[in-house]
Amino acid sequence: MEEVTATVVMEGAVVGPEVAEATTAEKKGFKVVVAVDDSENSHYALSWAIDNILANRREDCQLVVLHVQHFVETTFMYPVAGHAVYAPTLSMDAVRKAHEENSKRVISRAVDICKSKHVDALTAVAEGDPKDAICEAAEKLHADLLVVGSRGLGMIKRAFLGSVSDYLAHHAKCPVLIVKPPKGSHK
Amino acid sequence: MSASGSSRGEHIVPEFDTENVEKGLFHQAKEGKITMVLAFDDSEHSFYALEWTLNHFYSPATGGGMGFQLVIVHAKRAMAAANVSGPGTSAEEVLQDAEMDQRKLAARTVEKARAVCSAHSVEAVVEIMEGDAKHVLMEAVAKHHADILILGSHGYNSVQRAFMGSVSDHMAHHAQCSVMIVKRPKPQKGTKKQTH
Chain C
6 MEEVTATVVM EGAVVGPEVA EATTAEKKGF KVVVAVDDSE NSHYALSWAI DNILANRRED
66 CQLVVLHVQH FVETTFMYPV AGHAVYAPTL SMDAVRKAHE ENSKRVISRA VDICKSKHVD
126 ALTAVAEGDP KDAICEAAEK LHADLLVVGS RGLGMIKRAF LGSVSDYLAH HAKCPVLIVK
186 PPKGSHK
Chain H
597 MSASGSSRGE HIVPEFDTEN VEKGLFHQAK EGKITMVLAF DDSEHSFYAL EWTLNHFYSP
657 ATGGGMGFQL VIVHAKRAMA AANVSGPGTS AEEVLQDAEM DQRKLAARTV EKARAVCSAH
717 SVEAVVEIME GDAKHVLMEA VAKHHADILI LGSHGYNSVQ RAFMGSVSDH MAHHAQCSVM
777 IVKRPKPQKG TKKQTH
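Protein chains in written order, with my numbering: chain C, 6 to 192; chain H, 597 to 792.
Hint data in this document are derived by calculation from the structure and do not stem from the laboratory. Since this is a predicted model, take the numbers as computed values, not measurements. Do not rely on the hints blindly, as some may be mistaken.
Computed cross-link-like contacts, DSBU-like style, restricted to lysine-lysine with a CA-CA straight-line distance of at most 35 angstroms [to be verified]:
| hint | chain 1 | residue 1 | chain 2 | residue 2 |
| --- | --- | --- | --- | --- |
| 1 | C | K178 | H | K672 |
| 2 | H | K708 | C | K36 |
| 3 | H | K672 | C | K188 |
Assemble the whole structure, with the sequences as input and the hints as a guide.
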């Protein structure tokens with residue numbers, strides 16, 4: 006089994022002038038990486054971060070929206086009557102495609118939020134286990150701040166803090182901001 | 597618009613008003629200043645967190661703190677009881693002395709925090725609150741209507757956290773507002789190996 010490593014891919018979505026700006030901004034300025042997934046919570050976190058962290062210093066900050074795509078197993082083995090069966094490549098491709106579509110959707114929604122608040126954002130997509138992938142991506146991107154929602158897709162009502170957010174709070178190398186949902190929303 | 601999203605109890609809806617969410621209209625940006633409560637305890641980690649915050653939000657290069665309000669909170673341990681045996685001293689005296697010492701210590705800590713702020717030409721509200729750090733911070737967040745709670749982190753591993761109880765962990769889970777955990781970057785040539 007090959008090692009699942011996170012790869013950071015700069016999506017083609019928002020390149021060009023922003024990239025040039027990014028390289029100069031990297032020298033100084035504040036790089037904020039926001040991890041988004043399919044959950045409302047993470048998009049709220051993005052919106053909140055723009056309002057409260059970037060606030061009135063948009064020119065100085067660089068925002069990166071990061072999405073971690075589900076890793077698609079290249080082989081899918083399940084024993085049937087003692088024999089291992091490999092899933093047909095056709096279905097693998099379909100699954101991979103579905104993940105990519107989902108990723109695009111999440112990213113474009115995040116970018117829309119950024120645009121509506123007049124923020125230029127870079128996008129990045131990583132693959133693999135969300136916990137590790139976000140950590141690694143934040144390092145590779147030299148994030149000054151990593152922003153996450155407090156709960157994501159596995160929203161257990163009784164859990165105060167999602168497992169990924171919890172992991173990042175302890176393991177990320179850079180400061181981590183955990184954005185809580187607005188007061189009055191269901192716990 | 598944000599009001600409709602936060603109307604509670606009546607209907608069983610997900611956390612967010614989906615329609616407005618689609619438009620990216622989660623909430624209006626807050627009127628007035630964004631309040632940051634920073635937990636300070638005289639450790640290197642707190643100093644680092646304070647310096648980091650001042651550098652990234654309150655320095656002239658980064659907007660000079662416009663739109664932000666910094667509140668520094670120090671939790672002073674309350675001296676509850678003392679048990680003394682031996683001639684010449686009474687429990688009350690010892691308690692009083694201990695209380696005095698704690699107060700002096702807290703005052704010194706707070707002075708250090710103030711000094712760091714003045715070095716950055718930042719006026720911050722500095723408060724000493726009595727009690728256990730976790731409760732103190734919950735109170736402070738409520739009292740100041742904090743938007744962000746900023747904490748340093750000792751970077752304990754999971755065993756240490758289980759033993760000593762991590763304040764940042766607790767606040768990340770239970771605080772009503774967003775929590776920012778500022779860690780000191782690990783030194784390149786680490787003296788201690790971090791085990792997770």
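> Which hint numbers doesn't this structure obey?
Replying inline: Per hint list: zero violations.
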